[in-house]
Amino acid sequence: MNKLVKLFTIFISAITLTIASISSSFAKVEGEYIVLGSAISLTGKYSSNGVHTQNGYNMAVERINKMGGVKVGGKSYKFEIIYYDDESNPKRAAQLAERLIKQDGVHYMLGPYSSGLTKAIAPVTEKYKIPMVEANGASRSLFTKGYKYLFAVLSPANQYLEVAIDLAVEKNGGKPVKIAQAFEQDAFSQDVRLGILDAAKRTGSKIIIDDKLPKELNDMAATLAKVKATKPDVLVVSGHTKGALTAIRQISEMKVDVPMLAMTHCDAAKLSKQHGKKSEYALCASQWHKNLSYKDKFFGSGKKYDKDFKKEFGYAPPYQSAESSAALLVFKDAFERADSFDRDKVRDALKTTEMQTFYGNIKFGPGGQNVAKPMILFQVRCKGDSCENKVVAPTKWASDKFYHPIPKWSERS
Amino acid sequence: MVKVKQKDLVLYSGLIILGLAAPFLFSAFKVQLTYLCVLIVLAMTWNLQGGEMGYNSFGNILFYGLGMYLTASVQVGMFFPLAEWTESGGEKTFVHTTAQYFQGIGVGLLVAAIIPTIVAGAIGYAILGLRGHYFAICTLGLGIAAGEIAGGIEIIGAGQGFTTPPFPAEIVDPEARGKFFYFLSFIVLVLAFVFVKYIYGSRFRLILNAIRDNEDKAEAMGIQTMKYKIVGWMCSAFFCGLAGGIMGGLIGYIDSTDVAFDGREMGVFMVLMAILGGKGTLWGPIIGATLFHFFKEGLWTFILGWQYVALGVLIVVIVVYFPEGLMGWLREKYPERFGEVIDDKDRKAQVELK
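These protein sequence lines map, in sequence, to chains B and F.
In terms of numbering that gives the first Met the number 0, the first sequence opens at residue 0 and continues consecutively.
In terms of numbering that gives the first Met the number 0, the second sequence opens at residue 0 and continues consecutively.
Isolated chain F, as found in the complex (with noise of 0.2 Å):
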């Protein structure tokens, strides 16, 4: 079980109250606050293989895509037939009751849920056995290939894209979809948080550390790396097909290599955040995911058409300023906070080396 510290229970029942609270107290910001959730999933789970295990993977974008289509595609799959809904032109329109909609959107969940974390454990199977740089490359490879695969699949809408179905007409508040996709994605966070707190106090977090540090001593010490990895990436795999799939019905559109397999943004974004925040920590990814989302929202329109070269220059201050991240940076500079014992005498031995 999670063991929540008395001192943490004051703050994690402060966040909840505000994630509760947030789209009534900032109505108007809803769709970024659904937003800032999905990229906070995204970056937490990035972090169990990016950050923990060692294995930075540019592929998670493709549990993200496939859980998208996935989840429209049962959507509508479930109660008309597909091939005429996304058919480019059709003449048809199909309209979902209030009650198809939301049967439609859980069913679709669950399975955007199951199946991507089936194929993670087939494509990990496959080429977990990488190392390093190979396995980074092999990944980003991964997201691009399903992109242009999933651009030729007619039943799925191809290059023209698959239009997700409407928020039920019979639900007359404008408001009800956005609290509707936000609270989804709230759960989803909430889900994702207490499950990687819960991985951070058990044995598997050390594993995956230990194979992060030294892989070949790892094995060495008789644990099975193979399986740990392939685990850890179907963990990390499961949340992004949730959050995959609440995107797609919040955007309403999913187009291939623009919203699905969106591994030029989503797909970088992730693993920015994470290390934005400081990966391998807890709440790094967190913070690192919310300052980024502010920095993109706020600043981003009042640089018009300058924003990648923000970007960039945001990407270059992490790197040389902050190559550990917020958290880590703070981990150096107060060390005891972190439950780091500081010896005195050390320190001033230190002091005295330099």
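Same shape as in the complex, but just chain B (with noise of 0.2 Å):
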């Protein structure tokens, strides 16, 4: 028993040497590089989400960073990311947050992906006062809470699909409609599901299904099949990416008849591409579209970062990509005006954005989330074997008419 002791006794000092070496911490500004931290989901459920964020990152501070940097106290800095894996579990996130903040000595984070990872994170930075900006966690629960350190450059995640329901009405003579809705047990489409409820409450319409889908969302057949029984005016569905693909392959496998599919997710599951016709007259949320005439000096127009991202990635920007990018855009506006990387200074700057990026206007509100740029709707349409996301509402930027009903799938080629 003896030696035993002595093994572990030196187990415990080679554990503690290892801890010691480790611990030497980081600036915030090292060099010539100001340090942003970011925990990112690169496996489990929202991978594919995540890396959009991630390119959306890495493709702004690659532009700021080759377009002069950052302009403090009449020094050019560069921007740098410290990311770390949080498996899409906002267990791992928080701990990550703590670990980028403590041991990496970082003082600005940049946000992960979706609302519940968002939430996890937002408690961290908020105690030990590190301005977060970010652009994944629309759920409106965020901006209730009061906290001062966050900041959001989308649009609440209530606000995706309620303009939806009015088109339906609309469409409808302006009488109420029956809906159908099915949700991912997530943070970010429970508050999608809240936006459809005040919406259907506003217009006197009637929830007929109302059904809640497991995370790993891979089967909705259940919903489908009570969607063909009642025959609803329209059927809402959210569920990040996973749940975009799985309502087309199943409503196009079921053949299920429904005047109008609402959804969310279109763009980052790439639908028009994976599902081509079959994914044909979804009806799409998004906070971003190529086609929205906003301008920056970074990235210009909307289709110029479509085309740039298109040749550093090899794949079209979804609205992840474009928000993710436009965060940076926010910290280095919010650090040029505080000329200090004081963090409350930094933070008092960020609070008093007022700026337009290719992206949208950004203006926060007093939660927190970006109150200048609304919702845009947008329709998957195909000519031939090719389709594209065309924009239908607002008005404003409506490219193209609102297809409606969508015709029978016995009547589709």
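To be clear, the hints were calculated from the coordinates, so they are not data collected in a lab.
Please note that a few of the clues may not be correct.
Derived pair list, reagent style DSSO-like, types lysine-lysine, alpha-carbon separation capped at 30 Å [what the hints assert, rightly or not]:
1) Lys147(B) x Lys178(F)
2) Lys295(F) x Lys241(B)
3) Lys178(F) x Lys126(B)
Join the two chains, each given in its own frame, into one complex according to the hints.
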């Protein structure tokens, strides 16, 4: 037993030494670099959107650094991001935020992907008074907690599909509609659901199916069978990328006829590419579309961003990438206006942000949400075999007319 | 009473001093250290039925998640309407005063220890009649079912998740929260250790071992195996509930399937850690959890995207080279140090046989 004790002592001291050797702290600003931290979902259920987010961040970092960097106190600095993989898990995300702040000495954070993870990180950044600009946490409850260091460049989740219900009512001659809805059990989708509930109440519409879908959404046949039986006027589905893909796959397999199909995450799921004509007529909520007429000096217009992004990463940018890029523009702007690396000064500068980016106007409300940018709706439309997302609402940017109702499967070629 | 040998005393006091000093020595690592304590508690108490009793349970995550939800619900519910707190998009903000926060978490943890224990008793009564793989599979379902059910209960936030009360703002020191949760988890760890150590010296452990080695014979000896199996599982549940309660407060956000009833991660990790260190030993789960945590924290970030592959390799290595865990391996190599008497003649005879 004595030797065992010795062995154990050696073991403990080895661990102690290892910890001590890696705990040398880094600075928030190292030489000419401003170090930002971010926990991103590179694996797990949000991995595809996590990568969209990371690509958006990286693209903006590269662009800003190339175009002169961030000027603070007469000196030019470059952005650098420390990434960790949060495995799409809130527990891990909170732990990593702590790690970024305490061990890596990060003083400014970029958001993770999804509302749930942002909800897990926000209490940590708030505790250490670390300004966080996030681009992918849309849940309304994020903005009602009184967080002072949280800034979101996107519109809250409940606004995603509200407009779609209004549109359905309008197409129904102003009469209330029957709504079938299915939402993944996660913070974001449940907030989209609240938006629909509000819209239904406002328009007097009736919700005839209200299903909750599991995370890791791979099957919603039960909901669709009910839809087939009850014939609602509009079917609303939200469940991140997997939700969008599953919905289209099963709707086409089961030949579910519904006059209007409203969804989220169509562009992140690359629906028009992956499912082609099967996804035609799907109506999608989006934070951004390349055809919008916003501009900035770093990325130019949305169309130019689309082109550059395609060149860099080989696929068309979903709005998740665009809003992530915008987050860095916001940070740059705030640093320059604060002209300081003091966290509270940067925060105050963030609070008074009022700018236009290629992604849209950005101005933060009292809760930290972006109040200057409306949501848009696009519809997947096909010409021959090539399908594209066409903006149909709001009318200011609409390039195409909203096609309603969706033709029956028996009539579709 | 727990009997402590003279030489062990040095070890224990050394470890306690290390434990008490750790958050000051490694100030930046407080959260990781808290995780370590919780992981050790989970591995150690899993070992009670998994290792000692031979009932491999994947269902301990149920008690962990239950403890987490209970602590948070009590902490909120004692002072504010719970439904309004968890209502998604709720416009009202409730703030706990310092006293309310600590009272809440205190009572919450108490509830989080007691109720999972009762639940373990009730479920144990129903399913501990199953043996071997049947029991393992049945418990696997428990955690998954609980996650799905919790995801549908509105009052605890359903799919929206449950934001646990933030640490009182009146305490200005940003380090206070980390220290509080560390010491809380350290206390639970010490309690769990003393308890398990006590069991190791008791007849209770022998009965659990008898159940593991041959349940039918144990029954034939007149042992009421069912009773002991249930009590064994309840002991695990008690500490799992406490561990969950602490983690909920520490993480600050409870999600039904990803944080609370996280069978895919925590539920598997606790089994893995116990096996890595060597199940059926006192120190095995502790060493296993420590090694696992360091492996995870150290390597995870350097092999971004490949961490689960690495974890898979680790599992394979453990199963192939250390099927009995590290302690089992050591025991085979140096049996004398584990108090086994080796007969030299016997050993020689074995060598000749080979």
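Quiz item: Are lysine 295(F) and lysine 241(B) close enough, with their CA atoms no more than 30 Å apart?
Solution: Distance ~28 Å between lysine 295(F) and lysine 241(B) Cα, so the pair holds.
Practice problem: Take a quick look at whether lysine 178(F) and lysine 126(B) sit within 30 Å of each other, Cα to Cα. | Solution: Holds - the C-alpha atoms of lysine 126(B) and lysine 178(F) are around 14 Å apart, at most 30 Å.
Quiz item: Is the straight-line distance between the alpha-carbon of lysine 147(B) and that of lysine 178(F) 30 Å or less?
Solution: Holds. Lysine 147(B) to lysine 178(F) sits at ~24 Å (cutoff 30 Å).
Checked against the numbered hints given earlier, this structure breaks none of them.
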